[in-house]
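Q: So the chains spell out like this:
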Amino acid sequence: MIEIQDLAKAFALSKNNKLSDTEKQDVRYSKDAFHSVRSVSFSCGSGEVLGLLGPNGAGKTTTLRMLSTALKPDAGSVLLNGVDVLKQPVKARQQIGFLSADTGLYGKLTAYENIAYFGRLHGMSEQALKQRIDELFTLLNMHDFANRRADNMSTGMKQKTAIARAVVHSPKVVILDEPTTGLDIMTVQTVLDFIKGLKAAGTPVIFSTHHLDEVASLCDRVVVIDKGISAFSGDIAQFKTLSDKGDLRQAFLSVLKGSQQLQQQGAA
Amino acid sequence: MWQVYLKELTELMRDKKTLIFVILLPIFIFPVIFGVMGLVLSSTTNKAMQEQHRYVIINAGQAPKFADALFYHKNFKQLSTDKSTEEELIAAIRNDEFDVAIVIPADFNDKRLAVEQAQWQIIYNQSSQFDFMYRYFSEILANFNEQLQRDTLTQLNVDPAKLTAIIKPVDVKKVDTAAKRENIGEKFGAIIAYILIPLCLLGASYPAIDMGAGEKERGTLETLLICPISRVSIVLGKFLTVLTTGLVGALITVGSFGLWGAIIGSFAGMAVVQEAMSAIAITELVLIFSLLLPISAVFAALLLAISIYARTFKEAQNYISPLSILIFLPLVAAMMPGVELNSKTALVPIMNVALAIKELIKGTADYMMLALIFGSTLVLATVAIGFCVHWFQQEKVLFR
Chain E
21 MIEIQDLAKA FALSKNNKLS DTEKQDVRYS KDAFHSVRSV SFSCGSGEVL GLLGPNGAGK
81 TTTLRMLSTA LKPDAGSVLL NGVDVLKQPV KARQQIGFLS ADTGLYGKLT AYENIAYFGR
141 LHGMSEQALK QRIDELFTLL NMHDFANRRA DNMSTGMKQK TAIARAVVHS PKVVILDEPT
201 TGLDIMTVQT VLDFIKGLKA AGTPVIFSTH HLDEVASLCD RVVVIDKGIS AFSGDIAQFK
261 TLSDKGDLRQ AFLSVLKGSQ QLQQQGAA
Chain W
7 MWQVYLKELT ELMRDKKTLI FVILLPIFIF PVIFGVMGLV LSSTTNKAMQ EQHRYVIINA
67 GQAPKFADAL FYHKNFKQLS TDKSTEEELI AAIRNDEFDV AIVIPADFND KRLAVEQAQW
127 QIIYNQSSQF DFMYRYFSEI LANFNEQLQR DTLTQLNVDP AKLTAIIKPV DVKKVDTAAK
187 RENIGEKFGA IIAYILIPLC LLGASYPAID MGAGEKERGT LETLLICPIS RVSIVLGKFL
247 TVLTTGLVGA LITVGSFGLW GAIIGSFAGM AVVQEAMSAI AITELVLIFS LLLPISAVFA
307 ALLLAISIYA RTFKEAQNYI SPLSILIFLP LVAAMMPGVE LNSKTALVPI MNVALAIKEL
367 IKGTADYMML ALIFGSTLVL ATVAIGFCVH WFQQEKVLFR
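Going down the list, the sequences are from chains E and W.
Residue numbering for the first sequence follows our numbering, beginning at 21 and increasing consecutively.
Residue numbering for the second sequence follows our numbering, beginning at 7 and increasing consecutively.
Do not rely on the hints blindly, as some may be mistaken.
Claimed, not checked - Under 8 Å between C-beta atoms, here's a sample of chain W residues computed to sit facing chain E: (1) Met7; (2) Gln9; (3) Lys13; (4) Thr16; (5) Glu17; (6) Asp21; (7) Arg224; (8) Gly225; (9) Glu228; (10) Leu231; (11) Ile232; (12) Cys233; (13) Pro234; (14) Lys402; (15) Phe405.
Rather than coming from a laboratory, the hints here were simulated on the basis of the structure.
Heads up, the beta-carbon is just placed ideally off N, CA and C, and yes, glycines get one too.
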């Protein structure tokens with residue numbers, strides 16, 4: 021279970037930084053800071069897949085970085101199965117499997133070595149590690165390139181390795197930042213099947229995406245972030261009601277339109 | 007921490023650039039310096055010593071014995087000229103008609119008979135790196151002067167047995183207390199430090215950039231930060247890797263210095279180098295390495311801190327370049343004449359290690375002073391590591 025309440029994060033701006041006219045009109049900019057995430061709240065239960073949507077620069081990645089403990093929130097709370105991420109970050113990290121938007125692999129290490137390194141950092145024994153890697157290689161169809169260095173892998177191979185690395189320690193919560201971007205159809209399908217497998221195993225999965233078809237096929241819940249606030253948070257059925265014919269694209273645009281109107285009213 | 011250390015080492019060992027900077031460069035830099043530079047220098051000197059200088063002599067009849075001595079010297083070749091004024095002779099030398107002109111006054115013999123001092127002129131281009139010509143000329147002139155003095159004193163009925171004491175009342179015999187090693191150490195010790203210390207920095211630079219800015223650029227840092235290990239462990243694991251590469255570079259350099267010094271000394275016939283190298287004991291090489299250890303730790307911590315701050319590999323390289331230049335300032339200061347190791351210079355970072363290496367090579371090191379240098383550099387290293395650890399925990403640094 022993941023529970024997020026009023027999460028906020030600002031980044032200091034350089035003293036020499038001069039705001040452009042567009043930035044001056046953007047509610048996220050103040051004199052000395054950029055408020056990347058202003059107020060984001062949502063929850064995701066066991067066996068649920070939550071799709072995190074939003075335009076580029078809306079604050080999705082910052083939100084996921086706070087969830088994964090890479091960034092410390094300025095305000096709000098994050099509970100992962102009852103563990104307070106702010107108060108017990110190391111304990112929280114043991115439960116998290118995180119895939120960043122970059123595949124984030126070490127080029128000079130093989131697929132096996134990349135995954136094993138992170139398994140060891142999570143304190144796994146060599147025997148458990150070997151067994152788990154073998155299981156993941158079968159699941160993600162990776163045996164052919166197990167000993168290939170990441171520098172010599174295709175994009176799809178890299179993404180599979182990155183996913184295996186993120187879940188090697190059998191995390192209780194999985195966070196994926198745009199896991200299907202730039203992949204071919206076959207690899208996308210493998211990734212989506214893998215997420216379905218996690219869902220079936222009762223693992224809550226949060227993933228950010230721009231692909232609404234993936235949301236339609238996978239997600240139980242949807243959160244739309246716009247300019248640092250959660251403009252919509254609810255289940256997929258509620259999300260669909262925001263459009264006339266259950267069209268997700270229309271629903272998404274409708275949320276953004278409503279959010280922008282609210283923000284303009286607030287600014288006025 | 008050790009998992010991070012082992013993984014970083016594995017990656018570095020598979021990287022060609024690291025192998026070049028840490029292993030190959032230190033192995034081959036000394037043969038280049040000892041061998042190539044030594045051979046070039048000795049060949050240039052030999053060539054200069056054997057060069058034949060074309061000369062003209064004006065009013066040679068005024069000093070026929072001197073003219074004969076010059077004529078029969080193997081390094082001089084006489085040419086004839088119709089020029090006689092200073093301006094004409096200078097112009098002729100500039101036009102490469104000959105190399106040197108010696109002008110004896112037309113009234114030289116009259117002055118000599120009147121026991122008056124005469125002034126000769128030697129005109130030549132003095133910008134040459136090796137002025138062997140003037141050395142040969144001076145030797146011939148000194149013999150000629152002495153002969154004239156003897157002739158004059160004999161004419162004045164001075165006792166021939168006392169002529170030498172009158173011409174040269176004081177003779178000096180030089181007794182050198184410095185061992186050959188000390189002489190060589192004085193001349194080359196600072197240069198060895200000048201090579202060793204930057205190599206420690208160079209060996210650590212690439213791994214440091216790769217482990218900080220490189221991780222950021224590849225997107226691996228974020229993944230590493232969310233592992234259930236403390237950031238202190240991560241940064242210390244990385245620091246130890248950078249330190250290891252810097253030290254391996256230094257160790258190979260010291261070993262290469264000893265090995266190539268001995269090889270070149272014995273095979274290339276440079277007996278002085280061989281003698282000096284055989285006088286440097288293993289203990290002194292170990293002490294040199296021990297002094298490089300804390301300074302390498304300072305470099306490793308600073309390089310890693312800079313690298314962590316940079317967003318990209320290129321940005322890190324831009325920040326590290328000025329640091330590379332900065333470390334040469336104390337090294338150059340250590341090479342200045344008159345700069346010696348004392349309680350003040352022992353506290354100047356980098357310069358102190360350079361001076362200590364020089365003293366160790368000379369064989370005149372003061373062990374208390376070495377302990378002071380080791381201690382002060384260790385304190386500096388601890389501060390630098392502390393700063394690096396603190397820096398690595400700053401979100402504004404990691405996610406700029």
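Q: None of the hints should be skipped; say for each whether it holds.
A: Against the structure, the hints:
Violation of the interface hint for W/Met7 is found here, the shortest Cβ-Cβ separation to chain E being roughly 10 Å, above the 8 Å cut-off. Of the supplied interface hints, the one on W/Gln9 holds, with its beta-carbon coming within about 5 Å of a beta-carbon of chain E, less than 8 Å. With a cut of 8 Å, the hint placing W/Lys13 at the interface with chain E holds, because the nearest CB-to-CB distance is about 5 Å. Checking W/Thr16 against chain E: minimum C-beta separation of about 7 Å stays under 8 Å; hint holds.
Because the smallest distance between the Cβ of W/Glu17 and any Cβ of chain E comes to about 4 Å, under 8 Å, the interface hint for this residue holds. At about 6 Å, the closest approach between the beta carbon of W/Asp21 and any beta carbon in chain E falls short of 8 Å, and the interface hint on this residue holds. With its C-beta approaching chain E no nearer than about 7 Å, W/Arg224 sits inside the 8 Å limit, and its interface hint holds. Nearest Cβ of chain E to the Cβ of W/Gly225: about 3 Å, under the 8 Å cut. The hint holds.
For W/Glu228, the interface hint holds, the least distance from its beta-carbon to any beta-carbon of chain E being 5 Å, beneath 8 Å. Given the 8 Å rule on beta carbons, the hint for W/Leu231 holds: about 5 Å separates it from the nearest Cβ of chain E. For W/Ile232, the suggested interface contact is upheld, since its CB lies about 5 Å from the closest CB of chain E, less than 8 Å. Given the 8 Å rule on beta carbons, the hint for W/Cys233 holds: about 4 Å separates it from the nearest Cβ of chain E.
Here the hint on W/Pro234 is kept, as its CB sits about 4 Å from the closest CB of chain E, short of 8 Å. This hint holds: W/Lys402 has a C-beta 7 Å from the nearest C-beta of chain E, less than the 8 Å allowed. Given the 8 Å rule on beta carbons, the hint for W/Phe405 holds: about 7 Å separates it from the nearest Cβ of chain E.
In summary, the structure is inconsistent with hint 1 from the numbered list given earlier, while agreeing with all the others.
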